[in-house]
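Protein chains: 2
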Amino acid sequence: MKDKCVIGVDIGGTHMRCALMDRKGTVLAFRKDRSRSDEGPEALTRRLVQQCRDLLADGGLSNARLGAVGLGVAGKLDTASGTILFSPNLPSLAGFPLAVRVQEALQVPVAMENDANVFGLGEAWLGKARNVSNWIGVTLGTGVGGCFFANGRLWQGDRLGFSGEIGHMIVDPQGPECACGQKGCLEAHASATALVQGVRQAQKEAVPLSDLLQEALRRDQLTAHTIYRAARGGDPVARRLFARMGWALAVALSNLFTFLGISTAVIGGGVSASWDQFAPAMLDYFQQVPSMLDPQSIHVHRTELEDRASIYGAASLAWQTVDRR
Amino acid sequence: MKDKCVIGVDIGGTHMRCALMDRKGTVLAFRKDRSRSDEGPEALTRRLVQQCRDLLADGGLSNARLGAVGLGVAGKLDTASGTILFSPNLPSLAGFPLAVRVQEALQVPVAMENDANVFGLGEAWLGKARNVSNWIGVTLGTGVGGCFFANGRLWQGDRLGFSGEIGHMIVDPQGPECACGQKGCLEAHASATALVQGVRQAQKEAVPLSDLLQEALRRDQLTAHTIYRAARGGDPVARRLFARMGWALAVALSNLFTFLGISTAVIGGGVSASWDQFAPAMLDYFQQVPSMLDPQSIHVHRTELEDRASIYGAASLAWQTVDRR
Numbered sequence: 001m002k003d004k005c006v007i008g009v010d011i012g013g014t015h016m017r018c019a020l021m022d023r024k025g026t027v028l029a030f031r032k033d034r035s036r037s038d039e040g041p042e043a044l045t046r047r048l049v050q051q052c053r054d055l056l057a058d059g060g061l062s063n064a065r066l067g068a069v070g071l072g073v074a075g076k077l078d079t080a081s082g083t084i085l086f087s088p089n090l091p092s093l094a095g096f097p098l099a100v101r102v103q104e105a106l107q108v109p110v111a112m113e114n115d116a117n118v119f120g121l122g123e124a125w126l127g128k129a130r131n132v133s134n135w136i137g138v139t140l141g142t143g144v145g146g147c148f149f150a151n152g153r154l155w156q157g158d159r160l161g162f163s164g165e166i167g168h169m170i171v172d173p174q175g176p177e178c179a180c181g182q183k184g185c186l187e188a189h190a191s192a193t194a195l196v197q198g199v200r201q202a203q204k205e206a207v208p209l210s211d212l213l214q215e216a217l218r219r220d221q222l223t224a225h226t227i228y229r230a231a232r233g234g235d236p237v238a239r240r241l242f243a244r245m246g247w248a249l250a251v252a253l254s255n256l257f258t259f260l261g262i263s264t265a266v267i268g269g270g271v272s273a274s275w276d277q278f279a280p281a282m283l284d285y286f287q288q289v290p291s292m293l294d295p296q297s298i299h300v301h302r303t304e305l306e307d308r309a310s311i312y313g314a315a316s317l318a319w320q321t322v323d324r325r
Numbered sequence: 001m002k003d004k005c006v007i008g009v010d011i012g013g014t015h016m017r018c019a020l021m022d023r024k025g026t027v028l029a030f031r032k033d034r035s036r037s038d039e040g041p042e043a044l045t046r047r048l049v050q051q052c053r054d055l056l057a058d059g060g061l062s063n064a065r066l067g068a069v070g071l072g073v074a075g076k077l078d079t080a081s082g083t084i085l086f087s088p089n090l091p092s093l094a095g096f097p098l099a100v101r102v103q104e105a106l107q108v109p110v111a112m113e114n115d116a117n118v119f120g121l122g123e124a125w126l127g128k129a130r131n132v133s134n135w136i137g138v139t140l141g142t143g144v145g146g147c148f149f150a151n152g153r154l155w156q157g158d159r160l161g162f163s164g165e166i167g168h169m170i171v172d173p174q175g176p177e178c179a180c181g182q183k184g185c186l187e188a189h190a191s192a193t194a195l196v197q198g199v200r201q202a203q204k205e206a207v208p209l210s211d212l213l214q215e216a217l218r219r220d221q222l223t224a225h226t227i228y229r230a231a232r233g234g235d236p237v238a239r240r241l242f243a244r245m246g247w248a249l250a251v252a253l254s255n256l257f258t259f260l261g262i263s264t265a266v267i268g269g270g271v272s273a274s275w276d277q278f279a280p281a282m283l284d285y286f287q288q289v290p291s292m293l294d295p296q297s298i299h300v301h302r303t304e305l306e307d308r309a310s311i312y313g314a315a316s317l318a319w320q321t322v323d324r325r
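Chains as they are written, first to last, in the numbering used here: chain A, 1 to 325; chain B, 1 to 325.
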């Protein structure tokens with residue numbers, strides 16, 4: 001078992017990133033390719049299998065050295081059957097048993113988890129949550145995902161097909177509408193989508209916007225990153241949206257800390273790069289509001305693994321599969 | 001071990017209720033006495049120890065048959081050292097090592113938990129949560145308490161001195177002020193205190209009230225029970241307050257169900273007797289709002305053990321102590 005390696009794969013809407021890793025998390029080889037949902041699931045599977053073979057060749061390893069593959073995929077998954085039920089980023093994969101097909105092709109065990117859970121597994125293995133028993137993971141991206149680790153293990157709840165969905169906790173019943181149909185979800189305050197919609201709403205209400213935002217709106221190229229740059233440049237609408245995001249994160253986290261009697265969270269995902277714009281409002285809330293919590297004991301970290309967290313997590317999932325056999 | 005018995009004690013602000021029980025939860029003897037915080041902790045300890053001895057005599061059992069004693073006490077406890085840190089109902093017991101003193105006097109192990117946790121232990125042992133792995137307990141009384149059972153065990157979090165504090169989760173940041181200093185806590189919507197303050201607020205705003213409520217206000221005898229009777233009689237203010245209570249319970253529970261990926265809760269405490277007035281609004285919310293949850297899979301039960309849940313839970317705590325030795 002000692003000389004086995006694993007492959008961790010993070011499959012996003014535009015790219016798949018694959019890394020060959022040893023037991024310590026050392027990256028022996030790395031590859032990145034487009035994921036191209038439009039080609040259909042069979043082509044994506046072939047591309048993914050080829051990447052894994054290329055990685056082994058890159059690392060100078062025979063196929064026999066591969067212990068397992070771990071896949072991280074955004075969406076609703078049936079992990080037991082290795083099937084993607086629904087993926088917003090890869091619509092053509094709905095109902096497709098991706099893990100099973102990769103397993104058949106490579107003849108090694110393949111495990112699959114959703115993107116928020118592999119983020120958590122990565123942070124628990126090599127990130128800010130190393131040696132933390134009980135903690136909450138949050139991923140800020142197009143949407144807001146989450147996970148919960150209890151007694152050092154990824155919490156799966158009653159295996160209802162979802163768990164850790166912090167993005168659809170309601171933080172303000174009078175808040176903005178969420179894509180899910182509820183009002184005032186964390187996701188409607190703290191996602192890239194919420195930032196973009198916030199600027200569009202301000203435009204509709206004829207609130208003055210900085211040139212940067214006006215130009216992006218005119219070109220129909222408004223992104224969370226543009227709004228971040230606008231906030232750094234002092235745009236009051238952008239600043240208010242990031243403050244609202246920090247506030248909403250703090251409400252959701254302090255509610256969970258209060259109920260669970262815990263005090264640690266790790267925040268990742270692409271939008272966590274805007275930390276300097278939303279964290280002050282979040283940390284301010286923790287200092288002032290929660291009645292049960294000692295502000296000194298609250299530890300809300302920004303990921304240090306950044307976009308590698310999910311690949312590490314997918315590899316960690318693969319190692320768990322190796323160890324279970 | 002087979003022929004051992006335990007004593008479960010529920011210590012409230014006005015009464016202590018003690019039961020001698022066998023392994024199956026059969027009550028062999030029961031006693032009730034006033035708790036009288038004003039006498040001081042030493043007198044209360046003597047009274048409690050005497051009750052335990054009387055119970056053994058009532059059951060015709062020698063002292064050697066007593067395996068352990070479990071205490072349920074409202075307040076913040078240091079369960080490891082058996083000390084009451086703060087109890088709103090028994091202020092004179094602050095800092096008093098009640099469990100240690102009872103243990104010294106009776107020469108058997110004595111375990112102590114807060115009231116919401118012993119409620120949960122009772123429901124898990126002999127109530128609606130038997131054979132349920134993951135569930136949330138809620139106690140509706142002067143305040144709102146809670147507990148969480150994960151994988152069949154009482155969740156203790158990071159042992160920060162609190163856990164399961166569902167009453168201080170914020171359900172509406174624009175909601176009424178809570179005694180804890182926050183705004184819009186579940187407790188500020190769903191406790192006996194919230195009901196009474198809701199009626200007082202309506203009086204202040206000159207909203208018309210039924211004779212029953214007006215009379216109770218005039219005599220300064222307004223209680224949650226009076227408001228319940230008023231709601232049953234059709235008083236619109238009382239009805240609105242119970243509907244708000246049901247709505248707030250549903251927001252807090254569905255937020256937790258969404259994050260934890262679970263779907264079961266048990267509601268107890270004195271105010272749960274008003275179930276017919278608040279449950280319709282709560283169940284209606286579950287049918288309509290939560291985006292992740294299948295309404296058919298949600299199971300929110302009313303306690304069937306009523307005020308016996310805590311005594312059973314205290315006895316269950318005692319049995320756990322016996323089994324650990």
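Don't read these hints as lab results, they were simulated from the structure.
From the three backbone atoms N, C-alpha and C, an ideal C-beta is built for every residue, glycine too.
Heads up, some of the hints might be wrong.
Derived, one-sided and incomplete: chain A residues facing chain B with beta-carbon distance under 7 Å [stated by the list, open to error]:
id	residue
1	Trp125
2	Gly157
3	Glu177
4	Leu260
5	Ser291
6	Met292
Computed Cβ-Cβ distance ranges for the label pairs, DEER-style [unchecked claim]:
id	chain 1	residue 1	chain 2	residue 2	range
7	B	Asp3	A	Glu304	16 to 26 Å
8	A	Ser291	B	Phe30	49 to 59 Å
9	B	Pro88	A	Ser297	41 to 51 Å
10	B	Pro208	A	Gly233	54 to 64 Å
11	B	Arg153	A	Gln214	54 to 64 Å
12	B	His15	A	Asp276	51 to 61 Å
13	B	Gln201	A	Gly161	36 to 46 Å
14	B	Arg23	A	Ser62	55 to 65 Å
15	B	Gln201	A	Lys183	44 to 54 Å
16	A	Ser297	B	Arg153	19 to 29 Å
To see whether the hints hold, each was checked on the structure:
For Trp125/A, the interface hint is violated, the least distance from its beta-carbon to any beta-carbon of chain B being 20 Å, above 7 Å. The beta carbon of Gly157/A comes within 3 Å of a beta carbon in chain B, closer than 7 Å, and the hint placing it at the interface holds. Taken as an interface hint, Glu177/A does not check out: its beta carbon lies about 11 Å from the nearest beta carbon of chain B, beyond 7 Å. Using the Cβ-Cβ criterion of 7 Å, the hint placing Leu260/A at the interface with chain B is satisfied: the shortest such distance is roughly 5 Å.
Hint status for Ser291/A relative to chain B: holds, with the closest Cβ pair at about 4 Å, below 7 Å. The beta carbon of Met292/A is positioned within 7 Å of a beta carbon in chain B (closest approach about 5 Å), and the interface hint is therefore held. Between Asp3/B and Glu304/A the CB atoms are about 58 Å apart, so this pair departs from the stated range of 16 to 26 Å. Remark: the range hint 49 to 59 Å for Ser291/A to Phe30/B is contradicted by a beta-carbon distance near 37 Å.
The given range of 41 to 51 Å is broken by Pro88/B and Ser297/A, whose C-beta atoms sit roughly 23 Å from each other. At about 55 Å, the CB distance of Pro208/B to Gly233/A agrees with the hint of 54 to 64 Å. Between Arg153/B and Gln214/A the beta carbon distance is about 56 Å. The supplied range of 54 to 64 Å therefore holds. For His15/B paired with Asp276/A, a C-beta distance near 56 Å keeps the hint of 51 to 61 Å intact.
Distance hint check: the CB atoms of Gln201/B and Gly161/A are about 42 Å apart, consistent with the given range 36 to 46 Å. As the Cβ distance of Arg23/B to Ser62/A is approximately 59 Å, the hint placing it in 55 to 65 Å holds. Judged by the Cβ atoms, the range 44 to 54 Å given for Gln201/B and Lys183/A is violated: they are separated by roughly 25 Å. Look at Ser297/A against Arg153/B: about 23 Å separates their beta carbons, and that is inside 19 to 29 Å.
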